[in-house]
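J.: Each chain, written out:
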Amino acid sequence: MKRRDFIKSSLSVAIAGALSGKAISSAFAAGPIKVGILIPLSGPAGLFGPSSQNCAQMAVDEINASGGILGRQIEPVFADVGGPPADATQAALKLWKGEKAEAFIGMHDSAVRGALTNLFKGQVPYIYTPVYEGGECAAGTYVIGETPDQQLAPVIPWLAKEKGAAKWYLIGNDYNWPRDTNAAAKGYIEASGGEVVGEEYLPFTADNFDSNLAKIKDTGANAVLITLVGGASVGFNRAFASFGLADSAIRLGTLIEENTLAGIGAENSKGLYSSAGYFASIDTPAAKAFAEAYAAKFGADAAALNSLGESCYEGVLLLSALAGKAQSLSASDIDAIAEGTTYEGPRGSATMSNRHVAKDIYLAEADGTAFKVVQTFANVDPGNNCG
Amino acid sequence: MDLVVTYGLNFAYSTATLGLIVLGLAVVFGLLGVMNMAHGEFVMLGAYSALMVQQAGLPFVLAIPLAVVVCGALGWLMEWSVIRHLYRRPFDTFLATWGIAILMRKGVEVTFGREYQSVDQSLPGTVSLLGIDYPAYRLVLMAVIVTMFAALFVWYQRSNTGARIKAMVQNPDLAAAVGINTARLSRATFVTGVAIAGLAGVLLAPLVRVEPYMGLDYLLSSFFILVVGGLGTLEGLVTGSTIIGGADVVISAIFDKTAGYLGVLAISILFLWLRPDGIFSRR
Chain B
1 MKRRDFIKSS
11 LSVAIAGALS
21 GKAISSAFAA
31 GPIKVGILIP
41 LSGPAGLFGP
51 SSQNCAQMAV
61 DEINASGGIL
71 GRQIEPVFAD
81 VGGPPADATQ
91 AALKLWKGEK
101 AEAFIGMHDS
111 AVRGALTNLF
121 KGQVPYIYTP
131 VYEGGECAAG
141 TYVIGETPDQ
151 QLAPVIPWLA
161 KEKGAAKWYL
171 IGNDYNWPRD
181 TNAAAKGYIE
191 ASGGEVVGEE
201 YLPFTADNFD
211 SNLAKIKDTG
221 ANAVLITLVG
231 GASVGFNRAF
241 ASFGLADSAI
251 RLGTLIEENT
261 LAGIGAENSK
271 GLYSSAGYFA
281 SIDTPAAKAF
291 AEAYAAKFGA
301 DAAALNSLGE
311 SCYEGVLLLS
321 ALAGKAQSLS
331 ASDIDAIAEG
341 TTYEGPRGSA
351 TMSNRHVAKD
361 IYLAEADGTA
371 FKVVQTFANV
381 DPGNNCG
Chain X
388 MDLVVTYGLN
398 FAYSTATLGL
408 IVLGLAVVFG
418 LLGVMNMAHG
428 EFVMLGAYSA
438 LMVQQAGLPF
448 VLAIPLAVVV
458 CGALGWLMEW
468 SVIRHLYRRP
478 FDTFLATWGI
488 AILMRKGVEV
498 TFGREYQSVD
508 QSLPGTVSLL
518 GIDYPAYRLV
528 LMAVIVTMFA
538 ALFVWYQRSN
548 TGARIKAMVQ
558 NPDLAAAVGI
568 NTARLSRATF
578 VTGVAIAGLA
588 GVLLAPLVRV
598 EPYMGLDYLL
608 SSFFILVVGG
618 LGTLEGLVTG
628 STIIGGADVV
638 ISAIFDKTAG
648 YLGVLAISIL
658 FLWLRPDGIF
668 SRR
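Chains as they are written, first to last, in my numbering: chain B, 1 to 387; chain X, 388 to 670.
I should point out that these hints are in silico values taken from the structure, not numbers from a laboratory. Just so you know, not all the hints are guaranteed correct.
[Stated by the list, open to error] Away from chain X, derived, C-beta distances all over 10 Å, residues of chain B:
#, residue
1, P32
2, K34
3, Q53
4, T89
5, Q90
6, A138
7, A166
8, R179
9, N212
10, T284
11, S330
12, T341
13, G348
14, A370
15, N385
16, C386
[As the list claims (entries may be wrong)] Covered stretches of chain B, as calculated for chain X (at least 3 residues, CB under 8 Å):
#, segment
17, 152–161
18, 234–240
19, 257–271
Where is the CB? At the ideal position from N, CA and C, for every residue including glycine.
Start from the sequences, fold in the hints, and give me the full structure.
T.: What follows is the structure, given as structure tokens:
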């Protein structure tokens with residue numbers, strides 16, 4: 001092509017563009033919204049990476065099929081935040097400034113959350129999805145996960161009344177989530193007429209629980225609140241049952257999901273209860289439809305559904321609800337309307353309250369290696385997190 | 388009183404299982420000087436052998452031959468391809484076996500998935516002993532371990548192979564000069580060591596969590612025990628297990644679990660510092 005022809009044709013394209021400027025700008029707006037999805041694909045929580053990724057992808061596909069967010073398709077950009085906070089911050093920064101992600105959804109530990117709220121400083125909407133210790137109140141941050149108040153306020157009185165739980169032994173790993181959960185638990189145990197007969201925190205490396213079990217037996221506890229995580233929870237629960245303690249005490253866990261229960265095993269799960277906002281076996285139309293769609297999309301061999309993975313699905317739903325109500329994705333617009341925003345997900349209906357959500361809480365009893373929901377507590381308040 | 392009996396049995400159990408776990412490494416590291424960082428992974432493979440037998444609906448005891456074959460074959464391959472080139476180069480074996488350990492973890496993760504698995508106890512329930520209820524499987528396991536150690540001790544002291552191994556360990560060149568095929572003996576020793584690790588995995592599988600990364604726990608405690616007990620003798624191994632297991636149980640009982648772990652670390656550091664050859668040493 002000659003130079004003159006090139007200029008001519010470029011000009012005509014530019015003129016045509018100028019004439020139909022409106023069409024062009026709307027075409028630009030219809031470019032995809034990049035949403036940074038921060039999940040652990042490595043490290044100790046890497047176990048939850050596949051189910052988290054599947055759930056987030058499923059929510060994105062469903063929302064895209066029904067028109068996307070504000071008429072724009074969602075493009076998820078995943079990053080591994082299974083490592084230390086400094087690495088997670090780098091990964092998030094790359095998505096935010098490099099990939100131009102306009103919102104973030106995170107399923108990771110609290111140390112990473114602290115680093116990320118420092119990084120984002122309320123300039124980009126950030127939804128934190130997993131169960132955690134409560135108390136997050138940073139601008140632009142929205143929390144879906146269960147707080148200790150939600151998991152315990154209705155459950156401890158119920159167990160006291162129905163199962164006679166009166167002498168509680170509290171055992172957890174040694175970090176802030178178990179300590180804050182137990183601090184909340186003490187109030188509810190006292191209010192239910194029970195007492196705390198022991199409290200213990202174990203290092204993450206603990207793999208022998210014999211001395212703890214001897215103490216539990218010696219105190220005559222008839223209920224144990226377990227805030228051990230992952231492998232420690234599996235090891236503890238297996239040893240607990242092998243000593244025959246399952247016959248004399250019930251166990252309540254606030255982070256015993258389907259994978260942990262599979263590791264504990266059918267012969268060790270008698271009298272084991274778990275309190276959470278989601279179980280794969282919730283018997284509601286919404287949860288069943290979700291589980292069926294998950295199985296249909298990812299096949300029978302896919303990573304098993306659990307509360308942490310599913311929370312990523314809820315995270316995308318909340319982002320869509322917030323953006324829809326604000327008619328914008330800007331952090332300040334969303335912050336202005338967030339309070340009271342509601343959405344419907346597999347967990348039931350959820351309403352934003354003080355950056356957290358009031359929602360249904362399920363108490364499930366282990367039946368072999370499956371959970372059976374024995375009681376549903378409707379619309380449980382997340383407690384005071386911005387004090 | 389009940390509490391004392393419980394702690395006593397826990398102490399015996401802890402010592403016995405630590406001894407079982409460390410035995411394979413004591414053979415490989417203690418006799419051959421190969422710092423086998425994949426030791427825990429062979430324990431892990433043993434546990435997965437138990438899982439495979441359970442999933443196939445076969446009796447638990449069949450996991451023992453399966454684990455010995457799986458770990459032995461893999462150990463043979465590992466010795467032939469990597470280890471035999473690295474004898475007397477401890478730091479190189481350290482790096483090479485660490486790489487192999489990663490490969491083994493990832494291999495199991497690809498095959499079985501990252502999730503926790505559960506191996507059933509073939510002897511569930513508790514039995515009444517000295518006034519307390521103690522898990523039946525643990526009691527049987529302790530008896531099996533003690534028998535195994537006694538047999539091994541006698542064999543190592545009395546057999547010709549035991550004498551050849553001792554000769555090879557003390558002076559490989561001289562041993563070769565008097566007609567001992569040290570290359571073959573080293574390989575057999577290595578294969579035996581990792582097969583014992585696999586056996587430990589089978590026996591412990593019903594009691595512990597089973598997942599691809601479980602081996603790391605066993606590696607650390609094994610090295611602590613060898614640091615305290617010293618290399619190359621069974622007496623050292625038993626003493627090391629008793630001190631490490633005992634310190635953990637006693638300190639955890641009096642204070643808490645964190646203190647117990649600190650105690651174990653402190654003892655290991657003190658030994659490395661003041662008695663780097665351990666209590667019993669062939670040197």
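J.: Checking a non-interface call: every C-beta of chain X should be farther than 10 Å from the C-beta of P32 of chain B. Is that right?
T.: P32 of chain B clear of chain X: closest Cβ-Cβ about 31 Å, beyond 10 Å.
J.: Does the claim that Q53 of chain B lies off the interface hold, with its Cβ farther than 10 Å from every Cβ of chain X?
T.: holds, 13 Å
J.: Would you check whether the claim that R179 of chain B is not at the interface survives, using Cβ distances to chain X and the 10 Å cut-off?
T.: Given a closest Cβ separation of 13 Å, the condition holds.
J.: Find the nearest Cβ of chain X to the Cβ of G348 of chain B and say whether that gap is larger than 10 Å.
T.: holds, 27 Å
J.: With a C-beta cutoff of 8 Å, work out whether three or more residues of the segment 152–161 of chain B approach chain X closely enough for the coverage to hold.
T.: violated (count 0)
J.: Beyond 10 Å on every Cβ pair: is that true for N212 of chain B relative to chain X?
T.: violated, 7 Å
J.: Does the no-contact call for T89 of chain B survive, Cβ to all of chain X over 10 Å?
T.: holds, 25 Å
J.: Would the non-interface assignment of T341 of chain B survive a Cβ cutoff of 10 Å against chain X?
T.: holds, 35 Å
J.: Can we trust that T284 of chain B is non-interface, i.e. its beta-carbon lies farther than 10 Å from all of chain X?
T.: The claim stands: T284 of chain B keeps its Cβ more than 10 Å from every Cβ of chain X (closest is about 25 Å).
J.: Can we trust that C386 of chain B is non-interface, i.e. its beta-carbon lies farther than 10 Å from all of chain X?
T.: holds, 33 Å
J.: If you look at each residue in the segment 257–271 of chain B, do at least three have a Cβ nearer than 8 Å to any Cβ of chain X?
T.: holds (count 9)
J.: So A166 of chain B supposedly isn't at the interface. Is its beta-carbon more than 10 Å from every beta-carbon in chain X?
T.: holds, 22 Å
When each numbered hint is compared with the structure, violations occur for hints 9 and 17.
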